[in-house]
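Required output: the full structure, derived from the provided sequences and hints.
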Amino acid sequence: MVILLALVLAGCGSDRRADAVDESSGQVERTESIDALNLVLVTDGTGVARLIGTLVNQADEPDRLVGLDVDAEPPGYTVIFADGPYLLPEGEPLRLYRDANVTLLSEAFVPGYRADVTLAFAGSEPLTTTVPVERNTGIYRDVEVRQPPDGDIRPGN
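In the numbering used here, the protein residues as written are 72 to 228.
Treat the hints with caution; some may be incorrect.
DEER-style ranges, computed between Cβ atoms [to be verified]: (1) Val181 <-> Gly155: 21 to 29 Å; (2) Asp213 <-> Glu132: 30 to 38 Å; (3) Asp154 <-> Asp131: 21 to 29 Å; (4) Gly138 <-> Arg166: 15 to 23 Å; (5) Asp131 <-> Phe152: 23 to 31 Å; (6) Thr208 <-> Glu161: 32 to 40 Å; (7) Pro182 <-> Asp131: 37 to 45 Å; (8) Thr117 <-> Gly162: 35 to 43 Å; (9) Asp142 <-> Gln218: 17 to 25 Å.
It is worth saying that the hints were derived from the structure and are not from the lab. Fair warning: this is a prediction, and the values are worked out from it, not measured in the lab. All C-beta atoms, glycine included, are put in the ideal place defined by N, C-alpha and C.
Below, the structure written as structure tokens:
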């Protein structure tokens, strides 16, 4: 009984940085001022993917997500920041699934692919990580993947 109680209490620490984690198979990366939690590119299989996950600004000042770069094979992609850039208040989570719509277009975004993604911020250093691409089924079934207005996913279109 004592061992069981010790195991239960061991999981009760108060790590402020862990509070914003949601269920996902996504990538976790941290810099001095930004936590990127459970990043996933969710695709419907057409070359369109939506970036989801949680960003937490650990700095003492607000910040903004202002850009995104992808190193994909084959090269070429388009990023659509609907209503961006996105404000990151200090200590508060920005849940990309709910609070932002970052859509990427590339033939590389097929389930199982891992894309090298760099997030750019107004006041913090860039954050680079490898993000898995997952199909919009299972835990991602409710993720809305928006299609480009003209249906063309080629870069620059």
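Any hints from earlier that this structure breaks? Give me their numbers in increasing order, please.
-> The structure conflicts with no hint, since it agrees with every one listed earlier.
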